[in-house]
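Protein chains: 2
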Amino acid sequence: MEVEVKFAVENPDEIERIVEEMAEFVIDKEEYDLYFNHPCRDFAETDEALRVRRDVEGVTLTYKGRKVDPETKTREEIKVRLDDFDRMVAILGKLGFRVAGEVRKRRKIYRDGSIVICIDRLEGIGSFVELEIESDDVEGAKERLFEYAEKLGLSREKSIRTSYLEMVLNVADSDGKG
Amino acid sequence: MEVEVKFAVENPDEIERIVEEMAEFVIDKEEYDLYFNHPCRDFAETDEALRVRRDVEGVTLTYKGRKVDPETKTREEIKVRLDDFDRMVAILGKLGFRVAGEVRKRRKIYRDGSIVICIDRLEGIGSFVELEIESDDVEGAKERLFEYAEKLGLSREKSIRTSYLEMVLNVADSDGKG
Numbered sequence: 001m002e003v004e005v006k007f008a009v010e011n012p013d014e015i016e017r018i019v020e021e022m023a024e025f026v027i028d029k030e031e032y033d034l035y036f037n038h039p040c041r042d043f044a045e046t047d048e049a050l051r052v053r054r055d056v057e058g059v060t061l062t063y064k065g066r067k068v069d070p071e072t073k074t075r076e077e078i079k080v081r082l083d084d085f086d087r088m089v090a091i092l093g094k095l096g097f098r099v100a101g102e103v104r105k106r107r108k109i110y111r112d113g114s115i116v117i118c119i120d121r122l123e124g125i126g127s128f129v130e131l132e133i134e135s136d137d138v139e140g141a142k143e144r145l146f147e148y149a150e151k152l153g154l155s156r157e158k159s160i161r162t163s164y165l166e167m168v169l170n171v172a173d174s175d176g177k178g
Numbered sequence: 001m002e003v004e005v006k007f008a009v010e011n012p013d014e015i016e017r018i019v020e021e022m023a024e025f026v027i028d029k030e031e032y033d034l035y036f037n038h039p040c041r042d043f044a045e046t047d048e049a050l051r052v053r054r055d056v057e058g059v060t061l062t063y064k065g066r067k068v069d070p071e072t073k074t075r076e077e078i079k080v081r082l083d084d085f086d087r088m089v090a091i092l093g094k095l096g097f098r099v100a101g102e103v104r105k106r107r108k109i110y111r112d113g114s115i116v117i118c119i120d121r122l123e124g125i126g127s128f129v130e131l132e133i134e135s136d137d138v139e140g141a142k143e144r145l146f147e148y149a150e151k152l153g154l155s156r157e158k159s160i161r162t163s164y165l166e167m168v169l170n171v172a173d174s175d176g177k178g
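Here the protein sequences line up with chains A and B, keeping their order.
Numbered by our numbering, the letters in the first sequence go through residues 1 to 178 in order.
Numbered by our numbering, the letters in the second sequence go through residues 1 to 178 in order.
Since the hints were derived computationally from the structure, they do not count as laboratory data.
Covered stretches of chain B (chain A as the covering partner; in silico rule of three or more C-beta atoms under 8 Å from a C-beta of chain A):
#, stretch
1, 40-53
2, 60-69
3, 88-97
Cβ atoms here follow ideal geometry from the backbone N, Cα and C, with glycine treated the same way.
All chains should be modelled from the sequences, with the hints used to inform the complete structure.
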């Protein structure tokens, strides 16, 4: 299970300075994510996701199950690495999966033991911190993540469960209306 | 487009001897193929296929479109390489794809210019030769393949379009009935 907490942040540079002191820098990269909807069920309703990601490290296909915890973004994630972005997108198209939206972000990843820290900047959307542990002890992992978040000045009450896809679609929606 | 002709053969050893003289040996391997059906359409009716293959070279996901030629197995094929068989199968399961059947075969591959020759042995099913060219000139490629087949003693009239999956399911079916 991917136990994950997420926070919107106004001050990513400041948090980055704190994280640089506490954790080991892993990578700084651009991520391009294409999300798909299912041919015969609505992922927005079932709270699932299917994504093809391209970044400097390669291409991945990821399935995300529904969120299983009311306070966090914890969910099952299954990921495979692929040798080609366009051909995977073509296969999904042939199978009737439709593009739901795209997300582009700049992501800095750090690691502190088993905790992965992502500082994400999305143009026109804002900046976010995601803390993540791979564990099947959801409650234990969650408490460790919220304790860690406190050290970064991020309070448990401000944890959000909104996905980047939802944010991007919301902005597109209000742009359309405005 | 994968322009492909296929023949059932009684004498694979003899054909192998001829092919060894004419073409370059590429690989001799076991292939394990798992075929899936779509969650909301019947691939047996739409004449499509989705397959995860594992062999000594790695894992691939392949989508095959419907056959577009009455005489051959010519169809669109889109293929990606993957880093893991079980995780891809798990993702397909989560998306509602159901296992349609499995095919195990011993395959020897040869190449003669742009023509790929496969000599396949399927336990309990029989032996087969597949000749293949990647080309969008279906008619031209088809003629070249049938000419090549003649050299192997395989006559155009005996070309078959039945997939290994169909053969395996037919055998399973008659076993069940017998």
